[in-house]
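A.B. asks: Sequence:
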Amino acid sequence: YMEQSTAAKTADEVLGMTVRRTTIPSGEMAFIDEGHGPPIVLLHGAPLTSLGFVRVVRSLRAHYRVIAPDFPGFGQSRPAASFDGSLSAYARSIEELVTHLGLQRFVLFGCDAGACVGMAAAAAMHARIAGLVIADTVPIPLQGRAWFIKMILRHVVTSWPVRSLNRRLNLLPWLVATVDPHRRPFSASERAVLIGQYGSAAKRDRILDMFSAMGRGDDFMRETAAQVAERLCDRPVLLIVGQFDPVRLVGGVSRYKKLFRGAIVNIIPRERHFPILG
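Our numbering puts the first residue of the sequence shown at 1, with every later residue one more than the last.
Among the hints, a few may not be true.
Derived pair list, reagent style DSS-like, types lysine-lysine, alpha-carbon separation capped at 25 Å [stated by the list, open to error]:
1. K150 with K257
2. K150 with K203
3. K258 with K150
With beta-carbon atoms standing in for the labels, derived distance ranges [to be verified]:
4. R105 with V162: 38 to 46 Å
5. G131 with V162: 32 to 40 Å
6. R154 with P25: 26 to 34 Å
7. I152 with Q243: 17 to 25 Å
8. Q104 with A62: 15 to 23 Å
9. Q227 with A80: 20 to 28 Å
10. A127 with P25: 33 to 41 Å
11. P246 with A202: 27 to 35 Å
12. H182 with I264: 23 to 31 Å
13. E13 with G131: 29 to 37 Å
Derived by calculation from the structure, the hints in this document are not laboratory data. C-beta atoms are modelled at their ideal positions from N, C-alpha and C, and glycine is treated no differently.
Let's have the full structure, built from the sequences with the hints guiding it.
C.D. replies: Shown next as structure tokens:
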């Protein structure tokens, strides 16, 4: 209850960001829309929401229009009854929001699972994409050394014990908001807002459902990689990865350097899987 109550103060009072809402076919989308200038769309991973980009938004909004949605079922977004929770459905929701907002020639920034979904969305609307930022995500498709990640997503992270602990204790959002920004911790009130975005068992399950979809979505991953290679390989791309992120060990950087010609790599010193939090 305390987490939900603090979250009810919301991003506006604690984080200085206003959550807006609009309705698209995938449901009622909550999103941050701050600043003026060239547009940048930020896509969160799990177990984050749009508010996980708070420090990124604060840095960029002086010169850019920064838009950060909550995926349907995450944070303050409500999925439509027809929303099936597949990776394709999440990608389609981003296409719908971009079309609804009338965005043209924007940069898409995807973090963690949001990068996988975002690349699929970007390939579908490639004419609108000015550039990509891909931060700390798994290689696509999950082959070679990345097979190990696929097995973890399928059988460990989404196992019944982990699901039960996460459902009861809000474990994964707590870990990410508390442990990952170790070099620059959030205040107690900021942390409470971030953790409070997962104030129900259904929302906590949504995290693991997305992980499961990534681990079992071989067709989606292969098709996304093929479409990206065909439609986006010549776009400007920045790869961001924490120095101690395990995705480096399974070929995450090398895979994307092959996929995108001329990609720039920025390895963030002493950071782990969510350097955006710092």
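A.B. asks: Give me the numbers of the hints this structure contradicts, sorted from smallest to largest.
C.D. replies: 10
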